[in-house]
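Undergrad: Under the numbering used here, the first residue of the sequence shown carries the number 544, and numbering increases by one thereafter.
Think of the hints as simulated: they come from the structure by calculation, not from any bench.
One or more hints might be untrue.
To be verified - List time: in silico DSS-like cross-link candidates among lysine-lysine, alpha-carbon distance up to 30 Å: (1) 558 - 848; (2) 558 - 641; (3) 647 - 616; (4) 641 - 848; (5) 827 - 597; (6) 897 - 729; (7) 616 - 897; (8) 647 - 729; (9) 647 - 597; (10) 641 - 827.
This one's a predicted model, so the numbers in the text were calculated from it and none came from an experiment.
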Amino acid sequence: MTLLYAFITRSIFAKFIFQNWIGLISFYAVTYACLAISFLNAFGYDGVFIYTPKKLFGILAVFFVITVGLCIKGDMYDLIYYGLALLLPFAVGQDIRKSSFFAKFFVVMGLFFAFGCILNVLFPSEFKAVFVPMFSQIGQASLASVEEISGTSTYFAGFTSQVGYTSFYLALGIGAVFCFREVFFKQVWIFMIGGMLAGVLLTGKRGPLVFLMAALSAVYFIDGYGVERVIRVLQIVGALVVGFVMLAIIANATQLDGIMRIYEAVLDLITSGSVEDAGREQLKRQAMYYFELRPIFGIGWNNFKDVYYTRGTYVHCIYIQLLCETGLVGFCVFMAFFGSRLFHTIALVMRSRKNGVTLESQFISFSLFVQLYFLLYGITGNPLYDIEETILYFFAVGISYIPLESEELTPDDKSPNRRRSIYERSHTNLSIRS
């Protein structure tokens, strides 16, 4: 239910599922009840000791930083949303790697949002008449605001209220097809990725496309072994060159503002090594100014856009915003959490590939992709402050906590020492005897 929430709250379905307070409260009550049960079930018991899941301490540290930040801000309401994300890893169980449901779910969502973008560009008037009224009032206001700002520019959000959400969902759909291509999508994966890439181009989002390519390239390289990695580097370079040529052809052929914007940004990145954006540079300078005023604990979680009310927006860099809002203490906690999960997942990918291509290894690769994309997108975007995207990141984090099947306790293993070593690999001993 939490994953469903992440995909629908900004889509055309939000209006129907969250029509009133009764439906909204019921959804949260059921979701939190399920997450609470999963949280309690995450604790281990070996007949002698009770063990806490090791994921508990890292997530508790993040929870503490967010809670303190919200206290500083004086508004605890956001904790309702972040609670969904922080509890989600406890609901990601070991059985997930044996099921094809979640892999296909991400792909279906990606194809759905790509279809929305394509409909939006082919039939703009009909789309506006039929689908825009299906959005909630907040969604319609967001679309109207973007239309007013962009004027005659052509950016297509499709079935969400913002192109940023659409591009994020599409990127995860592409990542799912790519990571599971050897298990589920052997014959059609290129066509599926092509359709979703078309959707990303139609959103006109520059950063997401660049970070998507970087995350896919990194996963493909890490997934290799020995000399194979050298070959993969050449394949990655070749694919990026072909991709840029195709982008240039598509941009000049369609002359759509959004695609031209992406092409020009990529060209600037190649020729000058950077993409200038004076407006966002101003946001970053202002955030650093607030950090200098309160360097230890910051100005309060998600408080930048309220303090800097003249712009009323995020910093568009989660790392600088974390520094500004949570200070050095919160920044270090988050960096330690992000880094430890990322490097642990990379190690899992390398170990899992020793057993060949399996559904388990593909899930771990997908977890790595989502983490990489989230962290890269955080350089220019706000994924940590858009709860839907944060939920999807913590789902990937939950996958990274699952031990490899080859390292698990088997039913036939009766050795007390072996049993204890397995539990201690994924749990911490509370030293509470039965």
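Undergrad: Indicate, hint by hint, whether the structure satisfies it.
TA: Hints versus structure:
1. Between residue 558 and residue 848 the alpha-carbon distance is near 26 Å, which keeps this suggested pair within the 30 Å criterion.
2. Between residue 558 and residue 641 the alpha-carbon distance is near 34 Å, which puts this suggested pair outside the 30 Å criterion.
3. Distance check on the hinted pair: residue 647 and residue 616 sit about 40 Å apart at the alpha-carbon level, beyond 30 Å; violated.
4. Proposed proximity of residue 641 and residue 848 is contradicted: the alpha carbons are some 43 Å apart, above 30 Å.
5. Annotation: proposed proximity of residue 827 to residue 597 is violated, straight-line Cα distance about 35 Å (limit 30 Å).
6. Of the supplied pair hints, the one linking residue 897 and residue 729 holds, its CA atoms being roughly 21 Å apart against a limit of 30 Å.
7. As the CA atoms of residue 616 and residue 897 are separated by approximately 48 Å, the hinted pair breaks the 30 Å bound.
8. Taken as a hint, the residue 647 and residue 729 pair is honoured in the structure, with Cα atoms around 13 Å apart against an allowance of 30 Å.
9. Distance check on the hinted pair: residue 647 and residue 597 sit about 29 Å apart at the alpha-carbon level, within 30 Å; holds.
10. With a C-alpha separation of about 44 Å, the suggested pair residue 641 and residue 827 falls outside the 30 Å cut-off, and the hint is violated.
Checked against the numbered hints given earlier, the structure breaks hints 2, 3, 4, 5, 7, 10 and satisfies all the rest.
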